[in-house]
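From first to last, the protein sequence lines stand for chains A and B. For the first sequence, the tail end lands on 617 under the numbering used here, and the numbers increase by one without skipping. For the second sequence, the tail end lands on 313 under the numbering used here, and the numbers increase by one without skipping.
Hints were generated in silico from the structure; no laboratory data involved. Note that the structure is predicted; figures quoted are calculated from it, not measured. Be careful, since some hints might not be right.
What the hints assert, rightly or not - Only some residues are given here: those of chain A computed to face chain B with a beta carbon under 8 Å:
1. LYS272
2. GLY435
3. TYR464
To be verified - Counterexamples of contact, computed for chain B against chain A with all Cβ distances above 10 Å:
4. SER19
5. PHE29
6. ILE278
7. GLY293
Where is the CB? At the ideal position from N, CA and C, for every residue including glycine.
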Amino acid sequence: MNQYSRWKYFLILLTIGLSLIYVTPNFYGESYAIQIMPLKSGDKIESSVLKIVESKLNLENLYNKGLIYEPSSIKVKLESAEDQLKAKTVIEDSLGNQYVVALNLISNSPNWLTNIGALPMYLGLDLRGGVHFLMQVDLTTALEKTTGGYLRDIRTELRKDRVAYYDAKKNNDVIQIKFKTEQDLKDGKNIIRDINPDFDFKEMKINNEQLLKIIISEKTKKSITEFAIKQNLETLNNRVNELGVAEPIIQQQGLDRIVVQLPGVQDTAKAKEILGRTALLEMRMVDDEKSNPQNIEEAINGKPPFGTELFYDRFENPILVKKEVILTGERITNAGPSVDSQTGQSVVSITLDGAGSNIFKEVTRENVGKKIALLLIEKNLTEVITAPVIKSEIGGGRVQITGMRNTQEATDIALLLRAGSLAAPMEIIEERTVGPSMGKENITKGIQSTIWGFVAIVILMIIYYMLFGVISVIGLSVNLLFLVALLSAIQATLTLPGLAAIALTLGMAIDANVLINERIRDEIRNGNTPQASIHMGYEKAWGTILDSNITTMIAGLALFMFGSGPIKGFAVVHVLGILTSMYSAIFVSRGIVNYLYGNKRKIKKLSIGEIFKVENN
Amino acid sequence: MEFFRVKKDIPFMSYRKISVIISFAIFFFSVLFLFTRGLNLGVDFTGGTIMEVSYPQVANIESIRSTLDEIDIKDSQVQNFGTSKDALIRLPLTDNLSIADLSEKVASALRVKDSSVQIKRVESVGSQVGDELYEDGALAILFVCLGIMVYLWLRFEWRFAVAAIVANLHDVIIILGFFAYFQWEFNLTVLAAVLAVLGYSVNESVVVFDRVRENFRSPKMRRAKVTEVVDNAITRTMSRTIMTHLSTQTVVIAMLIFGGEILHNFALALTIGILFGIYSSIMVGCPMAIWLGTNQNNLAVTQTDQNKDNIDS
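Throw the hints in and build the complete structure from the sequences for me.
This is how it looks when you write it as structure tokens:
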């Protein structure tokens, strides 16, 4: 009755064998490496770069332990941390700024393991060190910005088609335009509908005025916010690339949030600076007509004249700027720091895209002699970088921004403009940083807890249940093996709470074996034969084990669903641990018992520890 | 080796009045502490910043405090953490500085004062996130309770489901009571421990209830009183109870010793949960089930159950 068919033993051996393969990469350790990536994420790297890298390293006598070429990156393994830094400088110098060179650690496991997807466990930031940011995207601003853009487009189109209108303005996400005649309104509506067919319209007649309200539909709003998030993600990707981080994670979370994880980044200040800069560039006209001392005085007291806003330039001078935005940073295709040939000042040279060039040309032509202001909006603070007088029409889309404090600032602003502006401002609402030494400490702590906990259980089980204790312990070891193999295979993120969950799962999983062993003892106590006791013991314990594991599983799933960050790390391991323990504690341990006892016809006694029996029962 | 060499069943249920009184007392005090002292919520829930900093020499707490004063940061707390070389700085949320700027400002001020300082860990949580984590935590507890109740209701019957969940919540409240009384920090990791306890300690009830049901169905105990049936079930599962919890507790002790500060409160919550879990499933869950009227009739072998059991075995 206690016999397994061959396929069951085969299944056990197969799963153990597979697990052993998937566990091995964890024991090979890691090499220092550098990773070369193209500046724009998504671009491919040419194989010729590989040869350049190889020859440069040879020239500098830097021995590489292996070059790995992937379409999206080149990885070079190096001997030491020192070589790693040297190699980084050498390669950065030789490849120029079209590539990003990042420091990385690469598993030493042999290629054939990597090829079958056997990788070491994926360590979370609390174990490998790095920064985690959760960023909140301000979608209201994105919506307002787009509405502003529509207003601009509507004005341009109406003017182009010579439809008379007056007083076009926006209020949050509603645009209002007044027309003189009904015919104008009708024509205007048709033109506006061409800009975006999803606009909703509302017509009103007030005091002989034809009022048209343009309401942005929910569908459009949705696509605006989706686009904003998408663009922010892309911008972040570019910015992170500029930082040179190997294996960054940039993902949308929920409706309006973005998670950024940068393993190995230690200079958090720099990272925040680059990521968090919500620098938006806007060009607007200075309102020269209304810029009289009285108006400025009132504006300083919080009452700027209608249609204007008050900002300060870098010398704390108040400037009245029109609310209407001519151009934003989105129209910029390239930006770089340079030096003005006449003044010797640091400037940023920008190139505008086609539409941007046209708008800029038109605006400069119409406003010769007036001032145009360049606004930099950061963290809700708007600053006028410069407000030069337009001397003549500027075509070709090449613009110089003067007023930079120094070369460093010119470089920084150029980088921000080049890497793309954010479609909507973002704010860091959660930060978790772990230093590299702390990560190593955490690994040691987690592993030590697991090992010593495991050792204690082994001693306890063997003393109490003798041979059945040994079998339980083998079952538990197999459970640990399965769990680690599974975590490696699916590349679940392992965190410190995850390590705690491994330890805890071991402590809890042994319950199944204890239940089984106790049931077998019960059966022997009741006078059953050893073989029958084993059989009944496993059968009777099964229901209980299932019940208790399902309830534990419910808790695990809740943790997974509602948990974030550290809790999720715990939950993943916990849930997987329950699954593997069911298999190992019941199926595998039964296999061992059957192998040891199943073929023996007569067993006098089971080695399951001393069983106390009430004689007169 | 056998721990329990009992000749007769231990009459656990004859102490149930005392145990219920004790439980009510502990429960009362736990709730009292929760209301008077409240939980010492970590930044995960309140929002705010903690920074763990490390020096090659003994950390000068006073100097850190004065540095914070110099850069005009109010309401901060500085204390040693783990070793004398490490310090933990707690900063509340401020209106004028974003969380990202706050930690950078403190870090740079500390570096100016003593360049050997190492920033080991920073955790900053905005108020919005904190509120959400708090809500999610409460939702998770609710979900677990409902999930377990529904499952036990289906597998056993409603009396057991209610009894088990009462015993379980009793443990949770006591863990929270301990955290409130000693003002240990309650953070996300501790919440994970509380939820793990919810799932784990219900096992104890399941095991005992399983035996109770088995006893009700067994011909030997047909004439036994309900309390006798329950006593027998508890006594016969005693060895398993001890072994299982001993195993889990040794792991938790290993965590207390080797796990460091981050896992310390996690392990503490588990320890309380495990100890009270044993007590509550026996001395709270079982009396509750009896009080709710569990007896042979509502757990007697019905036709469908009989069939199911045949399939099971």
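Going through the hints against the structure:
| no. | hint | in the structure |
| --- | --- | --- |
| 1 | LYS272 | holds (5 Å) |
| 2 | GLY435 | holds (5 Å) |
| 3 | TYR464 | holds (5 Å) |
| 4 | SER19 | holds (23 Å) |
| 5 | PHE29 | holds (26 Å) |
| 6 | ILE278 | holds (13 Å) |
| 7 | GLY293 | holds (22 Å) |
The structure agrees with every numbered hint stated previously.
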